[in-house]
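**Q** Top to bottom, those sequences are chains A, B, C and D.
Position 126 (the first sequence) corresponds to 126 in the working numbering; numbering is contiguous.
Position 205 (the second sequence) corresponds to 205 in the working numbering; numbering is contiguous.
Position 157 (the third sequence) corresponds to 157 in the working numbering; numbering is contiguous.
Position 117 (the fourth sequence) corresponds to 117 in the working numbering; numbering is contiguous.
Hints are not guaranteed to be accurate.
One side of the interface only, derived from the structure: several residues of chain C facing chain A at Cβ under 8 Å [as the list claims (entries may be wrong)]:
| id | residue |
| --- | --- |
| 1 | Pro209 |
| 2 | Gly213 |
| 3 | Asp215 |
| 4 | Lys223 |
| 5 | Val225 |
| 6 | Leu227 |
| 7 | Lys291 |
Derived from the structure by calculation, the hints contain no laboratory data.
Glycine included, C-beta positions come from ideal geometry on N, C-alpha and C.
Residue-level listing of the chains:
There are 4 protein chains.
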Amino acid sequence: MSQALTAQSPNLLDIGRLVVCCADKPGIISAVSTFLHNQGANIVDLDQHSSGAPEGKFFLRLEFELKNLGTRKDAFVETFNERVAAGYEMQWALTRATEKLRVAIFVSKFDHALMELLWLASRGVLPIDIPMVVSNHDDLRAQVEGLGFNFEHIPVTAENKAVSEKATIELLEDKVDLIVLARYMQILSAEFVSHYTSRIINIHHSFLPAFAGADPYRQAYEKGVKLIGATSHYVTAQLDQGPIIEQEVVRVSHRLSVAELKHLGNDVERKVLARAVRWHAENRVIVDGNKTVVFTK
Amino acid sequence: MSQALTAQSPNLLDIGRLVVCCADKPGIISAVSTFLHNQGANIVDLDQHSSGAPEGKFFLRLEFELKNLGTRKDAFVETFNERVAAGYEMQWALTRATEKLRVAIFVSKFDHALMELLWLASRGVLPIDIPMVVSNHDDLRAQVEGLGFNFEHIPVTAENKAVSEKATIELLEDKVDLIVLARYMQILSAEFVSHYTSRIINIHHSFLPAFAGADPYRQAYEKGVKLIGATSHYVTAQLDQGPIIEQEVVRVSHRLSVAELKHLGNDVERKVLARAVRWHAENRVIVDGNKTVVFTK
Amino acid sequence: MSQALTAQSPNLLDIGRLVVCCADKPGIISAVSTFLHNQGANIVDLDQHSSGAPEGKFFLRLEFELKNLGTRKDAFVETFNERVAAGYEMQWALTRATEKLRVAIFVSKFDHALMELLWLASRGVLPIDIPMVVSNHDDLRAQVEGLGFNFEHIPVTAENKAVSEKATIELLEDKVDLIVLARYMQILSAEFVSHYTSRIINIHHSFLPAFAGADPYRQAYEKGVKLIGATSHYVTAQLDQGPIIEQEVVRVSHRLSVAELKHLGNDVERKVLARAVRWHAENRVIVDGNKTVVFTK
Amino acid sequence: MSQALTAQSPNLLDIGRLVVCCADKPGIISAVSTFLHNQGANIVDLDQHSSGAPEGKFFLRLEFELKNLGTRKDAFVETFNERVAAGYEMQWALTRATEKLRVAIFVSKFDHALMELLWLASRGVLPIDIPMVVSNHDDLRAQVEGLGFNFEHIPVTAENKAVSEKATIELLEDKVDLIVLARYMQILSAEFVSHYTSRIINIHHSFLPAFAGADPYRQAYEKGVKLIGATSHYVTAQLDQGPIIEQEVVRVSHRLSVAELKHLGNDVERKVLARAVRWHAENRVIVDGNKTVVFTK
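Just chain A, same shape as in the assembly (with noise of 0.2 Å):
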């Protein structure tokens, strides 16, 4: 959270993010602490896991700071990788804790999800730039750009599902590092989701893997069961089961309704939304497989 920060450093624009992720190996951390150090930077929060033997894997999230982090951010990328990185066959990438993830949200009817992500972000408490908001009827448009941002209607059809997708692809190219489905109800193509790998998160209205499908408060209804929930994940070609991010519940009783389990539910979509957006805009969550390393506060 980028107002914390400024609490404890006295200057954001000299804030990095470091995140790497590479084979298990002796002397990772060292290697990079101490280029680090030596490039003049301290470290001033460090998170760190191991995935254990066999095929042990190596991860790490760090925030350091650097005095003109700015001007020499090209230069320590270059840097690093040569010194460091390559040696250890790291993906890894650095970010300033000033960058803003540009996230285009997707959305259909359903406004709820959307409207927490386009009001925390309006209120500078989300780190992120909506630059579009795209959705495949036209309903939300005066709430959208009521607020002030960009709405895309794009109709998806069986029939132009293909090129709308392709229209769609070409709408957002250069121009969004994230997209959010925020309650969409249009399945992706493994072709479409093929170019934003780890870059599509989805929030879905169950504790999954219960209730995946169509329908989930309902067959939450039918079930009985006494509590019900909400899990954020990043979308694969596989529906509904992709890395989870993030998971909440809620308490219910038979009192309630399929009506009123929607409500509770959807403060939990909002809010479980939100927080996976938050972690993934601040370089928290590294995908694991088909699982996820999250480094949250």
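Got chain A sorted already, so can you dock chains B, C and D onto it with the hints?
**A** For chains B, C and D alone, kept in the frame of chain A given last:
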């Protein structure tokens, strides 16, 4: 939640809510339910509580279905009063499920709790009408009016306090059933509060009675608590001491700054306040001295 | 919780609990409460639910105080049956608050859920008597007998299953009102279950319907869920499919191994099972098809 | 949790835990991790926190694997001290994952928190040894000895307090690393506490700082709070004011008597205390003034 009743009842217009509070004696439920049965009403939900000897109090909330309740309500009220309520010296109220409470929201500069209420009311999720938003600052006018609500700016200073409170009371007169303080940064006078006994709901940004008074998130930070919370309560002449309606907490860690506690806490505040307002609007809250009976779903 | 009633009622011996289930019709509460009033009983707590049209069902649980309930109970039962229950074709039961349910606990080798129940019962916190612990292994004998409870070892093999179930039924006969499967690693036959309809409570170590079947903690680990849970339900002929009584979850992270998920989960299991047993023992649970109505406090 | 490490590491005997606290300066992680790497150790888990300027403090906890740690530990300690710790004026500690903390439990008459700890320790779930239970009453002797633990009865009166504390200190000497007050109803003198700075853990039966002092459940009942809780903290000379390690709450309603709040609260107390003791025993807690840094899993 009115939507839910629809699913269970052919006609929401025919649903009444009866709330009763009196000294506990044998036979009250029998008297009330037999009266309802004789009127042709069917009880669809009933919750009851006795506070126990000595000086036990009886609390009852029930929902019933009665054909043509709209035209029959006045007669029902008169007859119930005469045949049942008078004998037990009941405090009681009858409302129809379709009646919406008229709520004035008081706010200063923080928008999160305000926006949550406006938004839930706009979407029909919260069964209230909001005839006006009242603020001692003009900052939030555009946001409020942009969503189609009236905004009244009534500045308050040390000098004009009595005058501005008088103006406020005139402004609200006959237009408002409930006042909600959605982070309103003025202390209402005992005189003002006496006009709205048990009809002013406040949200306090701590888990009361801990951290009453100013800057509770800083207090929480300095104390190093592991959970922070929010409390919604009725306003009385004693600051932060009125009957508690609802509370909630969220887990925090040593990693979070005061600013981050505030962001997390804001989400708890708006959730807790919305819940308290819903329960009040659905006649689920009965004040019992300095405490409340809350018949939740 | 019987201790609580003491505080509110001069004589726990005079407290009765009436539970009713029947087709919903107008007038039931009036009939029941008027009957009670005419008997001289005072209702101290009442909770009611109607499941809504079509085929609406009526569910009621109430506690009343009636002087000398002990000597008057038989007559009360007969009269209530004749004057009220028969006309509405009620399924109903009357118990006294001082009656303790007789519970047999079935267990295999895991001790956590068993020990929690023995311990709570020993301390008088859980209002049950435990005439025996039954196990298909002899491992836990010393622990159980050390706390002063009877331990019955009934080995079960693929070959002797029918015989051992028959022996178990004979062992329990007239001694037990409820069977609790506290991580009992045998599947009871449909024949056995039919002797104890809605009177066998199981604890399943997942948040059902997710991860039904074997090794749910490993399934949860491999799926990468962010919450794990436990489910207590009545046992039916369909494995892991019976009406759910209670569920609870706990947050987990990528740092936890399967073994650690088990440890955390064990604590959830024992808590959820103890709550379900308490609610059953206090007549708070009514089975409604494949679901439950639970009148919690 | 030692079981977990087993899954990830071929030899738990070779796992060490290093905890460091010092003034924050650039280069500390580099210095520590490079030292470890040069010793042939592999870091398997690392968590770090900086408390921010001004007077920023650095906190680190890491687990590493080092072949033959058992025989090499003394040399490691000496070398680390000389080459790394001295230069940064570190407070630091190295423990092996297989070392069990020696804990004395102090108790009066309530058994719930005591029994939870004895039980978890007996089952190997909590990595502690309990050389003795100390009580100012003799009531729980049979329960404690029945589980195979030593029970020491040291009566405390207003008159003999200094003498009995002195006797207690002698009894514990060289036998105990941590004292746990599991609802011990005596206030320890500042003199006693000074022998065990940051090594006495108490469980307080409220959500501190709310309801400090006597009879917190009655205070909570009278205040009408909607959540009750428990707090585990280190004991200092100021009663109920020491650094908080862990807190938890549970939802309550108007239906619950003081006795029922106590029963619910007891379950929260034993859970919170067990968690605090585990975290201390796994070297996850670092005291930072009147607060704690807790590196949870």
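**Q** Which numbered hints turn out to be false for this structure?
**A** Of the numbered hints given earlier, those the structure breaks are 2, 3, listed in rising order.
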